[in-house]
Amino acid sequence: MSKSVKLKKGFTINLAGKAQQQLADFSQPDTFAIKPTDFIGMLRPKALVDVGDNVKAGTKLLIDKKKDSIFYTSPVSGEVVDVKRGAKRKLLEIVILADKELEYEPFTAYNISDLTAASREDVQQQMLDSGVWPNLIQRPYGIVAFPEETPREIFISGFDTHPLAPDYNFILKGEERNFQAGIEVLKKFTSGTIHVNVDGQGEVNPVYTSSEAVQINKFSGKHPAGNVGVQIHHLAPINKNDLVWTINPYGVIQIGRLFLEGKYDTSTTIALAGSEVKNPQYYKTYMGANINKFVEDNLTNDHVRYISGNVLTGENIGSEGHLGFYHHMFTVIPEGDKPEFFGWFFPSLQKLSFSKSIGSLSFLNSSKKEYVIDTNMHGGARAFVQTGDFEKVIPMDILPTHLIKSILAEDYDEMEALGIYEIIEEDLALCEFIDVSKHDIQAIVRDGLNLMQYS
Amino acid sequence: MKFLEKLVDKAKVPFDKGGKLERYYVLFESIESLLFVSKDTTLSKGAQIRDAVDMKRFMVTVIYAFLPALVFGTYNVGYQYYQAIGIEPSGAWDIWWIGIQRVVPQIIVAYVAGLLIAEFSFSVIRQHPISEGFLISGLLIPMVLPPTLPLWEVAVASIFAVVIAKEAFGGSGMNILNVALVARAFLYFAYPGDMSGDQVWVYLGGHTPIDGFSGATPLSIAGATVESGQNVVEALAAYGDTYSLSNMFFGLMPGSIGETSVLWILVGAVILIATGVGSWRIILSGFAGAYGLAFIFHLIGVNPYFDMDPMYHMVMGGLAFGIVFMATDPVTASQTNTGKWIYGTMIGVLTIVIRVLNPAYPEGIMLAILFMNVFAPLIDYYVVGANKKRRLKRATV
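Line order of the protein sequences matches chains A and B.
Under the working numbering, the first sequence has 167 at position 167, and the numbering climbs by one with no breaks.
Quick note, the working numbering runs 455 ahead of the 1-based positions in the second sequence.
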């Protein structure tokens with residue numbers, strides 16, 4: 001039974017610099033990287049290669065010693081040029097200098113009817129060895145799925161409502177076959193439904209309807225309507241002892257490609273967006289790409305922040321960084337490290353605010369207005385004040401303030417009772433954005449999830 | 456601005472880590488952050504952008520909401536003064552000037568005692584940032600006090616409220632009771648002679664009032680009818696036009712500085728609701744609770760006070776002020792939306808209960824709000840409990 005859900009709560013942040021629907025003509029970046037820090041819940045990353053080793057796309061680069069059946073593999077073929085470590089020798093990044101012509105590790109290719117007939121055991125080992133497995137995320141906790149678990153259901157959010165998010169209709173164009181094959185593979189892991197949740201306001205992407213094995217649900221509303229956590233809450237919420245998996249449509253396609261073509265093909269279309277980009281558009285590249293080729297001569301100024309992912313949940317990767325494993329966009333916004341004279345007092349139409357406090361006039365603008373927002377905190381940290389605004393942006397039957405406070409108090413029973421299993425960082429990212437007390441709410445949420453997971 | 460920026464940066468040096476005045480950094484920060492919104496940027500992971508609103512803007516909105524009632528209250532102090540001593544003022548400015556002379560020192564004393572003395576020393580000792588909350592409390596305290604109150608009492612009450620009601624609980628955001636109301640309650644029980652009766656509500660400036668001057672508040676007049684058996688409206692009519700329904704709504708009558716004008720308080724309520732800073736749920740349910748019970752009493756009608764038209768309750772005393780400006784305090788009110796309905800309704804109901812059923816206290820709003828401040832966590836406990844139950848029920852199905 002497909003469902004149609006209309007969400008009233010939320011807040012869409014409309015930023016300037018949306019990617020034009022066109023593919024850039026450019027030369028591929030020199031280096032690509034895999035970063036253990038992208039994989040939440042990775043406890044003891046261990047590099048399996050050294051500087052100077054030659055690798056193919058799909059060669060094993062990395063494992064988590066605590067979860068050692070899952071391999072993290074090279075997105076491209078080439079030479080390992082750097083194994084970056086941080087304080088206490090923490091593994092940060094394995095960098096590959098890419099070949100001009102990519103070579104692939106061979107994996108077994110199937111045709112679609114063989115794939116339908118194959119068992120879970122048949123496909124699982126190939127998924128673990130090839131590097132596609134980390135696309136599967138387990139809820140609760142939002143960590144890479146455990147191969148020995150069987151999820152109740154699998155959820156796929158077919159659209160993204162984050163600021164400047166890539167248009168999935170554009171980046172997934174022509175991937176029908178791969179998507180269908182990917183779903184065939186996923187079907188083997190659960191006896192429950194595979195949900196594909198699509199934007200209720202537009203046409204359904206033909207990629208999603210290519211597979212009859214999925215249930216298509218429609219969600220409409222402001223951000224975070226596209227967050228899979230919000231969707232799960234309205235379809236079949238996660239209770240204690242429940243376990244579900246989520247996966248991005250792009251991950252499904254990658255799995256499909258692996259089984260149809262017998263290779264780990266990480267080619268992907270990313271969106272380059274943000275107010276400081278001269279030509280925001282889409283780039284066809286590979287996972288973990290170095291960003292310098294995208295921004296070369298393409299920025300309006302150099303005092304900017306380079307964000308892998310979107311501005312609500314992404315990460316500052318600096319001007320020489322590589323995109324994250326799960327990120328299909330790259331955002332460049334101005335740094336905001338300038339003090340603002342009486343910034344809290346003067347009224348402004350230009351500064352976006354959810355609040356309608358006196359002087360925060362952005363609510364008067366049309367909803368189409370695009371804002372340029374820098375990275376300034378716009379205020380100092382203060383104690384929680386219950387403004388009632390958190391409740392207005394979270395379209396779930398969850399009390400954000402109480403949940404956050406129970407995490408700070410490290411009250412396990414309370415966290416559980418208030419629904420910590422139903423959320424991960426991105427689901428409360430809007431709270432972090434609108435918080436007048438300027439707390440780092442996403443970091444708090446992860447602390448709470450860690451407390452629940454490791455105790 | 457660059458010049459000022461440099462000046463601030465230069466002045467900052469001794470306050471920085473390792474500097475001579477490191478301990479006093481929080482004080483410096485409070486002034487710096489007043490001048491400049493800091494240059495701090497977001498963390499490298501998580502939300503890379505933040506909403507333009509901060510605690511200062513949020514709190515200043517509340518101050519804007521107070522201003523109409525405060526400006527009118529100042530005028531009213533002067534107006535009552537000239538009425539009582541029977542001199543014709545030479546113009547509106549004259550009236551205002553008397554009020555300003557009375558009210559402004561009270562505000563300054565509340566800020567100096569509460570903010571500069573109590574709040575600053577606690578911030579330095581506890582090393583927590585100075586919160587914007589006192590900008591509100593410092594203005595609210597004088598507004599709920601009679602204009603005749605000695606300044607030293609304002610100072611003592613402000614310090615008591617900040618230290619006992621706020622800092623002892625961990626500072627702004629952690630307090631259980633509304634800070635300004637604690638100041639008032641403190642004075643009410645410590646110096647009852649200066650806080651109640653018929654003589655404190657009109658500032659006379661040492662003059663002898665004219666014959667027939669009373670200074671009684673409508674609540675005490677209404678309370679007295681329980682004994683005398685006289686109809687409340689008739690009893691109020693004995694004071695001329697002052698206590699007519701419309702005049703009490705407009706607010707030219709004796710009372711605490713900010714509380715008399717329902718009209719201007721409602722303007723503040725509109726500001727609070729339109730900006731989303733004050734909870735419309737609390738305001739609406741507060742008035743509804745008060746009107747509802749007053750109406751039931753009116754139907755029962757065992758004595759003249761019971762029998763009074765419920766509209767009179769709405770415009771007498773501090774009901775409107777308390778519901779709009781004090782019950783809506785986001786820190787001490789109920790934190791859940793359902794809880795806010797209960798909390799607001801109970802404040803309205805309790806106010807009428809105290810007014811009508813308890814002859815010892817003519818005004819009930821202060822105690823009603825403090826009482827519900829204490830009960831707000833309990834209300835939330837049950838509302839949050841219902842949320843948990845829904846989740847639990849879902850799990851077992």
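Misleading hints may appear alongside valid ones.
[Claimed, not checked] Far from chain A, by Cβ distances over 10 Å, these chain B residues were calculated: (1) Leu-482; (2) Ser-493; (3) Phe-644; (4) Pro-785.
[What the hints assert, rightly or not] Dumping the calculated BS3-like pairs for lysine-lysine here, alpha-carbon to alpha-carbon at most 25 Å: (5) A/Lys-338 to B/Lys-843; (6) A/Lys-392 to B/Lys-461; (7) A/Lys-9 to B/Lys-844; (8) B/Lys-494 to A/Lys-222; (9) A/Lys-405 to B/Lys-467; (10) B/Lys-843 to A/Lys-9; (11) A/Lys-173 to A/Lys-18; (12) A/Lys-8 to B/Lys-843; (13) B/Lys-494 to A/Lys-438; (14) A/Lys-88 to B/Lys-494; (15) A/Lys-6 to B/Lys-494; (16) A/Lys-240 to A/Lys-67; (17) A/Lys-9 to A/Lys-173; (18) A/Lys-338 to B/Lys-467; (19) A/Lys-218 to A/Lys-173; (20) A/Lys-438 to B/Lys-500; (21) A/Lys-8 to B/Lys-844; (22) A/Lys-338 to B/Lys-494.
Rather than coming from a laboratory, the hints here were simulated on the basis of the structure.
Even for Gly, the Cβ is constructed at its ideal location relative to N, Cα and C.
The hints, checked one at a time:
no.	hint	in the structure
1	Leu-482	holds, 14 Å
2	Ser-493	violated, 6 Å
3	Phe-644	holds, 28 Å
4	Pro-785	violated, 5 Å
5	A/Lys-338 to B/Lys-843	violated, 44 Å
6	A/Lys-392 to B/Lys-461	violated, 41 Å
7	A/Lys-9 to B/Lys-844	holds, 22 Å
8	B/Lys-494 to A/Lys-222	violated, 30 Å
9	A/Lys-405 to B/Lys-467	violated, 34 Å
10	B/Lys-843 to A/Lys-9	holds, 21 Å
11	A/Lys-173 to A/Lys-18	holds, 19 Å
12	A/Lys-8 to B/Lys-843	holds, 22 Å
13	B/Lys-494 to A/Lys-438	holds, 14 Å
14	A/Lys-88 to B/Lys-494	violated, 31 Å
15	A/Lys-6 to B/Lys-494	violated, 39 Å
16	A/Lys-240 to A/Lys-67	holds, 23 Å
17	A/Lys-9 to A/Lys-173	violated, 30 Å
18	A/Lys-338 to B/Lys-467	holds, 16 Å
19	A/Lys-218 to A/Lys-173	holds, 20 Å
20	A/Lys-438 to B/Lys-500	holds, 15 Å
21	A/Lys-8 to B/Lys-844	holds, 24 Å
22	A/Lys-338 to B/Lys-494	holds, 5 Å
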